[in-house]
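**Q** The chain contents come next:
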Amino acid sequence: MSASSLRLPLLTFVVSVLLWQAVVMLFKVPNYLLPSPLEIAALIPARGGDLLSALLVTGGEALGGFLASAVVGIAVGLFFSVSPLVRRCFYPYVVLLQTIPIIAISPLILLWLGNGSLSVSFISFLISLPAVIVNTTQGLISIETNLLNVFRMGNASLWAVLFKLRLPHALPNISVGLKIAAGASVVGALVGETFAGASALGAGGLGYSAIYALSQLDTPYLFAVILTSSLLGLVFFWGVVMFERLAVGKWHESILSERLD
Amino acid sequence: MMPTSEVLPSVADFISISTLSKRYPHSKPVIEDFSLRIAAGEFVSLLGASGCGKSTLLAMIAGLTGTSAGSIHIDGRPPAHARELMSFVFQDPALLPWRTVAGNVSLSLEFAGRSKSTRAARIAEVLELVGLQDVAGYYPRELSGGMKMRASLARALASTPRLMLMDEPFGALDEMTRNRLNEELLALKARQRWTTLFVTHSISEAVFLSDRILLMGGNPAERLREIRVSLPMPRTAALRSTPLFLSLVGEVSMALAMMAGMPT
Chain A
1 MSASSLRLPL LTFVVSVLLW QAVVMLFKVP NYLLPSPLEI AALIPARGGD LLSALLVTGG
61 EALGGFLASA VVGIAVGLFF SVSPLVRRCF YPYVVLLQTI PIIAISPLIL LWLGNGSLSV
121 SFISFLISLP AVIVNTTQGL ISIETNLLNV FRMGNASLWA VLFKLRLPHA LPNISVGLKI
181 AAGASVVGAL VGETFAGASA LGAGGLGYSA IYALSQLDTP YLFAVILTSS LLGLVFFWGV
241 VMFERLAVGK WHESILSERL D
Chain B
1 MMPTSEVLPS VADFISISTL SKRYPHSKPV IEDFSLRIAA GEFVSLLGAS GCGKSTLLAM
61 IAGLTGTSAG SIHIDGRPPA HARELMSFVF QDPALLPWRT VAGNVSLSLE FAGRSKSTRA
121 ARIAEVLELV GLQDVAGYYP RELSGGMKMR ASLARALAST PRLMLMDEPF GALDEMTRNR
181 LNEELLALKA RQRWTTLFVT HSISEAVFLS DRILLMGGNP AERLREIRVS LPMPRTAALR
241 STPLFLSLVG EVSMALAMMA GMPT
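Residue numbers (our numbering), protein chains in the order written: chain A, 1 to 261; chain B, 1 to 264.
Among these hints, one or two may not hold up.
Here are the in silico distance ranges between beta carbons for each label pair [said to hold, decoys possible]: (1) A:Phe79 to B:Arg225: 49 to 57 Å; (2) A:Leu97 to B:Arg212: 57 to 65 Å; (3) B:Gly131 to A:Leu56: 55 to 63 Å; (4) A:Ser142 to B:Glu110: 20 to 28 Å; (5) B:Asp33 to A:Leu97: 47 to 55 Å; (6) B:Thr160 to A:Ser142: 29 to 37 Å; (7) B:Arg225 to A:Leu246: 53 to 61 Å; (8) A:Leu246 to B:Arg193: 44 to 52 Å; (9) B:Gly66 to A:Trp159: 19 to 27 Å; (10) A:Pro84 to B:Asp33: 31 to 39 Å; (11) B:Arg77 to A:Leu158: 18 to 26 Å; (12) B:Ala190 to A:Arg245: 40 to 48 Å.
The calculated lysine-lysine pairs, modelled on DSSO-like cross-linking and capped at a C-alpha distance of 27 Å, are [stated by the list, open to error]: (13) A:Lys164 to B:Lys116; (14) A:Lys164 to A:Lys250; (15) B:Lys116 to A:Lys250.
From the derived model, a few chain A residues whose C-beta atoms are all more than 10 Å from chain B [unchecked claim]: (16) Val14; (17) Tyr32; (18) Val72; (19) Tyr212.
If you're looking for bench data, these hints aren't it; they were derived computationally from the structure.
All figures in this text were calculated on a predicted structure; none of them were measured in a lab.
For glycine and all other residues, C-beta sits at the position ideal for the given N, C-alpha and C.
In isolation and in its complexed conformation, chain A is listed as follows (with noise of 0.2 Å):
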């Protein structure tokens, strides 16, 4: 991301904070009810360091889970344009994944996986990988037919196809479903902690923390942790963002045309 793309983002955000800060001092908004942005920069030196381990463990179980899903995702999409009977046989099940409510079957899981870090990159991985899967796969699977009749005349290969054809082909979808899992995999993990709570050696991460907090009716707390979640979120998206410029920032559309702005 170049300096002058950041600028405009950067002045809203500044904006709406001093705009935060105007409305809670000119109405006297109890702190219960809505902190201050200064009110919540200040517990930075006393509890900045509960916030870093909650956002350390959030982040490990988030990225277990993001990695699973990129990796199980595209491997089954893989499967999937392979063999169009797979595909028809399964495919069916990955759009019911997605409906799914993951709050309903979070009990079940930890009932299998136990309470931990585990059960929480399951629940972050289960929510992220039908994205994945489906983005995948119909990028592997929406080819031209004459870029496939090129690979028929040379007698291509089922693996030359694959990974000279169909692969390249897919990346782009590829990165809108790890764009959509990347922020799926940090909402799964904390959802998922909101039922597995601590770990065993007591240091929850931010989902944790959020119930404790609200619990404990420390409002400026739960702020400073749905900030740093959302920082978290951001990491995981700019991580995505990243890989999708070296895949296809040299010749996709999508990338070209951002350029141009």
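Please arrange chain B on chain A, whose structure you already have, making use of the hints.
**A** Just chain B now, kept in the frame of chain A:
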């Protein structure tokens, strides 16, 4: 019963198509009982309205579509076993957008199993032939329509085919670009001596390029007329304004108009 000489490809014929039919289930045949012989080095155009089965015929010769009856032989071999002899130039350039021009040309050499070092030399050679040597590192989206088609042509030429199957390759280009590419195509062919089967619906293009024009039409498709183009080689841009060329174009359009008037 056919005489045997009709069925077996003779030595002189590079392409031999005999009593070919193509039908899809639950519909009228697209092509029925179609026979054609093409000598090595000939440039034959299939000219006719869209949807008359020309492209289907080309796809069958390439082995991209199956036949329902009859036989196709290329240099004595069925299409599926003659792929390494031929190159197909499609209606759209069909370039991989994530590969540069050089990378796209490299593709057909990779299929042929050439080593990396021989590929580089051949890519440079072919890009020079089509005049793209200065844009070897460009991506397809950075090229004009004409340049994309040249890149597509370069990819087809790279594997030194003996048969070029071309399915309205210049159909989407403006007329000036199309004319220039026609001239360059003939110049290339004069040097490389490949056999060409060229599908088009442009009369002047067919006349300019061909040794023989097959007027296709009807339902199922058949060869309605065959016109030999005895214009001398080499043919250059100036040819297009000669009375001989214009009268040939007139003759072909008359024939097409008469065909259009016939019940199909």
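**Q** Determine for every hint whether it applies to the structure shown.
**A** Hints, one by one, checked against the model:
no., hint, verdict
1, A:Phe79 to B:Arg225: 49 to 57 Å, "holds (52 Å)"
2, A:Leu97 to B:Arg212: 57 to 65 Å, "holds (60 Å)"
3, B:Gly131 to A:Leu56: 55 to 63 Å, "holds (59 Å)"
4, A:Ser142 to B:Glu110: 20 to 28 Å, "holds (24 Å)"
5, B:Asp33 to A:Leu97: 47 to 55 Å, "holds (54 Å)"
6, B:Thr160 to A:Ser142: 29 to 37 Å, "holds (33 Å)"
7, B:Arg225 to A:Leu246: 53 to 61 Å, "holds (57 Å)"
8, A:Leu246 to B:Arg193: 44 to 52 Å, "holds (45 Å)"
9, B:Gly66 to A:Trp159: 19 to 27 Å, "holds (25 Å)"
10, A:Pro84 to B:Asp33: 31 to 39 Å, "holds (35 Å)"
11, B:Arg77 to A:Leu158: 18 to 26 Å, "holds (24 Å)"
12, B:Ala190 to A:Arg245: 40 to 48 Å, "holds (46 Å)"
13, A:Lys164 to B:Lys116, "holds (16 Å)"
14, A:Lys164 to A:Lys250, "holds (16 Å)"
15, B:Lys116 to A:Lys250, "holds (23 Å)"
16, Val14, "holds (37 Å)"
17, Tyr32, "holds (54 Å)"
18, Val72, "holds (24 Å)"
19, Tyr212, "holds (49 Å)"
The structure meets every hint from the earlier list without exception.
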